[in-house]
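Given the coordinates of chain A, work out where chain B should sit on it, guided by the hints.
Chain by chain, the residues run as shown.
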Amino acid sequence: MGVFSVFKRIGFPGGVHPDEQKISNNLPIRPLPMPRRLYLPLQQHIGSPAEPVIALGARVLRGQLLARPGSGLSAPIHAPTSGRIIAIEPFTAPHPSGLPIDTIILEPDGHDEPCDVVLPIDPMALEPEVIAAKVGEAGIVGMGGAAFPAAVKLNLGAGRPIHTLIINGGECEPYLTCDDRLMRERPETVLEGIRLMQRAIGAWRVLIAIEANKPQAIAAIEAAAIPFTGVQVVKVPTRYPMGSEKQMIQALLGLEVPAGKLGADIGVIVHNVATAHAVQQALRHGRPLTSRIVTVSGGAIAKPANLEVPLGTLASELVAFCGGFKREPTRLLLGGPMMGHALHHLDVPIVKGSNGLLALSAEEVGHESSERPCIRCSRCVEACPLGLLPLEMAARVRSGDMDGAADYGLGDCISCGSCSYTCPADIPLTHYFNYAKGELVRRRQEKAKSEETRALAQARQARMERLAAEKKAKAAQRKAEREAKRKAEREGEKSA
Amino acid sequence: MMPIASPHTHAPASVRRVMLEVLLALLPATAFAVYQFGWPALYLLIITSAFALFGEALSLRLAGRPVGSSLNDGSALLTAWLLALSLPPWAPWWIGAIGGLFAIVVGKQVFGGIGQNIFNPAMLARVALLISFPLEMTLWTPPQPLFSATAPGPIDALAITFGGGAAMIDAISGASLLGHVKTELGRGLELGAALQGQPITDSLYGTARGSLGEGSAPLLLIGGIYLIARGIIGWAIPLAVIAGALLPALLLNLIDPEHYLGPLHHLFSGALLLSAFFIATDPVGSPATPRGRILFGAGIGLLIYIIRTWGGFPEGAAFAVLLMNSATPLIDHYLRPRIYGRERGGEPLDYSQGRRAARLERIRRGDK
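Sequence order for the protein chains is A and B.
Residues in the first sequence are numbered consecutively from 8, following the numbering used here.
Residues in the second sequence are numbered consecutively from 50, following the numbering used here.
Derived from the structure by calculation, the hints contain no laboratory data.
Just so you know, even glycine gets a beta-carbon here, dropped at the ideal spot from N, CA and C.
Please note: incorrect hints may appear among the correct ones.
So these bits of chain B aren't anywhere near chain A, every CB distance computed over 10 angstroms [said to hold, decoys possible]:
#1 53
#2 99
#3 122
#4 164
#5 193
#6 244
#7 248
#8 256
#9 275
#10 308
#11 407
#12 412
Incomplete in silico selection of chain B near chain A, CB under 8 angstroms [stated by the list, open to error]:
#13 67
#14 333
#15 389
#16 393
Here are the in silico distance ranges between beta carbons for each label pair [said to hold, decoys possible]:
#17 415/B <-> 75/A: 56 to 66 angstroms
#18 161/B <-> 53/A: 36 to 46 angstroms
#19 126/A <-> 415/B: 57 to 67 angstroms
#20 222/A <-> 110/B: 56 to 66 angstroms
#21 411/B <-> 292/A: 56 to 66 angstroms
#22 403/B <-> 454/A: 28 to 38 angstroms
#23 397/B <-> 53/A: 35 to 45 angstroms
#24 403/B <-> 119/A: 58 to 68 angstroms
So here's chain A without its partners, still in its complex pose (with noise of 0.2 angstroms):
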């Protein structure tokens, strides 16, 4: 293994090994047929949401920017077929909340007319600069889950030097295998979108770190990456969390990211496959990222499959093509079950970051008995992959003793959900964690808020107090002035 001769053991302390589910590893990838009608959220990453730049009414074309990115940290949406807007409104997010928000709702009119693209005739050899543009420009984002606006992952290299790209082909999320068919069918395009982001970095060296349980997928990345010297693909344990940054980074390197810093500060950067797909098909073919594959599966589907699908598509047409339900689901998720959100309904679109559509049976889903004491078994402990001591910060979130969890290290949480999965007592760790964090954030904004105003009031306090004095030594300085005058009439008097 190379470089990897150096260091002792490929893993992470902790973590679990759920039920893999991998049964629909050996479907080949399909295109999902156009639905009638398609629902692209403004807000589809991590940052600001994007902002319209088509009219009501307008007909665009495939690839077609149809929002553009809003301030600060955000990413543009284009249009994955040709056809009519129809509409720009509320419209369920595919979010925990299941709160509406703005979407742009195309009508497709079936000729799938693309736009006029202008290739560069060879994307290696365009400037990192410019590779991180056009991928900033195809609205492509971290595609693991995340949806990270990849480009501004792309550009932190500038300032730090970057010495190792991963590329996550890790996939530790039960029943998921996007990822897995890609890599095993398209291997080729993902190198050539690996090169680029390596490219776009500036890192020497590539780790594509793939798990075990996908030797087909090693096997076919394998034999892609002979021809590049610096590319090495590194097998690693099956374990969840392993897809998680700091976890692939700690396995793979032996390297710790210090805690409120980035990869990038120890000169590491993390991608996904799926991105370096988007990548290079955006730098290759100038498509912008306006489709995804999304793994369909979970006990209560009738035929799962692996699905390439326009943005925007609703899950209800998903869930349809792979033939309904053939039982009742209990939950409905999108993404796996260890990280994903639970689905009200099937009326939410697939968006950049869907990797799953998953249909759970109630006896997949587990034992849904209500929470116990805690015995203090300790299975938590031994399974957070970041060192914590769940069962105590969990503790003090119920006694409402948010300061007392955090300096047990409540912001170090990943929310990875290994103690939830494995307590006894079915305590919803993870859940009560997350509620903690937003509680903090809560009472941060609101201490920075009677912070602010206490300034505010002090100001305007030292304002008047300085006004008053002003006034005040304007008027001596007037008495003072008279009185001078006054004087030097009476001196004039007198010498008169």
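The following block gives chain B in isolation, referenced to the frame of chain A:
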């Protein structure tokens, strides 16, 4: 109802399952103990369990909490079982009854029920009984296997259990090996003489006098290894308990073999193995931190050795466990694990200088 929050899948583990696994692991040693000490031992086990369950149900009812689901989690039964195994095999019925009630009501429910108690309820009850009823708690009958000539039948056994216990047949009761050694050393004898007629194999196979569950070392070991293999307990506490007792035993025995009992006698006599695998590992009163567990176990082992060797009682497992239980919050407070990306003290890792900077530089360059 559980909130619909991730994760949406769960390991096949439950509190009930944990308790049942421990009971299962105790089964071989318990069955052997019942065989060795006959019907009175079985009656004692049943009485202790019945009163413990009664105490649990009563407390839950008084507290207005659901009785059924808590009662069947197996925790009260496990407490009762561990208590019974720590009692003299032919103790009278009221020892088991008071012990079972005390363990659950005072040792567990008064603190707030499962998971809330500071002290191991079984050991708390054992110590309370030992202090209150020193005579009944130190009468050790020699093993009289079921169906053997001298063993009491089921009817005679009722008379023993509901009569005066082992005291009514005082002639056959005697001291345990550790008690005997303590007395003899106290009389100024040397170990060689004190151990006359007390072969170590008796302790190993469980044919010596002692508490009900101290019996068979191999069977306790099998149960303990089963629990470790099933991931119910970790290896740290049992190993630390054993090492904590045996290392000083080995050292002092090497220095002065005529006055200090050797490590094998310590290992196979008394409640060391039972404590190491089944009592010290009770999660509620033991630390949650990895390093804390080692310290906790080593402390128990060392205290057992100290009490056995220099204390007023021949055996100190219960005291040792309770003392370390009380230190658990402190241990957990000071021995927190290091958090990812931080120093032990909590400061973010600094890769800009020292050893870390050199390591980062090596990785940056790809050096071996």
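Now the hints, each set against the structure:
1. The Cβ of residue 53/B does not lie farther than 10 angstroms from every Cβ of chain A; its closest approach is about 4 angstroms, which violates its non-interface assignment.
2. Every Cβ of chain A is farther than 10 angstroms from the Cβ of residue 99/B; the closest lies at roughly 23 angstroms, confirming the non-interface assignment.
3. For residue 122/B, the shortest C-beta to C-beta distance to chain A comes to about 8 angstroms, within the 10 angstroms cut-off, and the non-interface label is violated.
4. Chain A draws residue 164/B into its interface by the beta-carbon criterion, the shortest separation being 4 angstroms against a cut-off of 10 angstroms.
5. With a least CB separation of 38 angstroms from chain A, residue 193/B remains clear of the 10 angstroms interface cut-off, as annotated.
6. Against chain A, the non-interface label of residue 244/B holds: every CB pair exceeds 10 angstroms, the least being about 41 angstroms.
7. For residue 248/B, the non-interface assignment is confirmed: its Cβ lies about 40 angstroms from the closest Cβ of chain A, beyond the 10 angstroms cut-off.
8. Against chain A, the non-interface label of residue 256/B holds: every CB pair exceeds 10 angstroms, the least being about 35 angstroms.
9. Chain A leaves residue 275/B outside its interface by the beta-carbon criterion, the shortest separation being 17 angstroms against a cut-off of 10 angstroms.
10. Its beta-carbon lying about 40 angstroms from the closest one in chain A, residue 308/B satisfies the requirement of being farther than 10 angstroms from that chain.
11. Every beta carbon of chain A lies more than 10 angstroms from that of residue 407/B, the smallest distance being close to 13 angstroms; the non-interface claim holds.
12. Remark: the non-interface label on residue 412/B conflicts with the geometry, its nearest Cβ contact in chain A lying 6 angstroms away (cut-off 10 angstroms).
13. This hint holds: residue 67/B has a C-beta 6 angstroms from the nearest C-beta of chain A, less than the 8 angstroms allowed.
14. About 5 angstroms separates the beta-carbon of residue 333/B from the nearest beta-carbon of chain A, less than 8 angstroms, and the hint is met.
15. Interface hint at residue 389/B: satisfied, since its Cβ lies 4 angstroms from the closest Cβ of chain A, which is below the 8 angstroms cut-off.
16. For residue 393/B, the shortest C-beta to C-beta distance to chain A is roughly 10 angstroms, which exceeds 8 angstroms, and the interface hint is violated.
17. For residue 415/B paired with residue 75/A, a C-beta distance near 41 angstroms fails the hint of 56 to 66 angstroms.
18. Between residue 161/B and residue 53/A, the C-beta spacing of about 42 angstroms keeps the proposed range 36 to 46 angstroms intact.
19. The hint said 57 to 67 angstroms for the Cβ distance between residue 126/A and residue 415/B, and at roughly 35 angstroms that hint is violated.
20. Separated by about 57 angstroms at the C-beta atoms, residue 222/A and residue 110/B satisfy the suggested range of 56 to 66 angstroms.
21. Range check, residue 411/B to residue 292/A: Cβ separation about 40 angstroms, and the 56 to 66 angstroms hint is violated.
22. A hinted range of 28 to 38 angstroms for the beta carbons of residue 403/B and residue 454/A is consistent with their spacing of about 36 angstroms.
23. In this structure the supplied range 35 to 45 angstroms is violated for residue 397/B paired with residue 53/A, their Cβ-Cβ distance being about 23 angstroms.
24. For the hinted restraint 58 to 68 angstroms between residue 403/B and residue 119/A, the CB-CB distance of approximately 59 angstroms keeps it satisfied.
In summary, the numbered hints that this structure violates are 1, 3, 4, 12, 16, 17, 19, 21 and 23.
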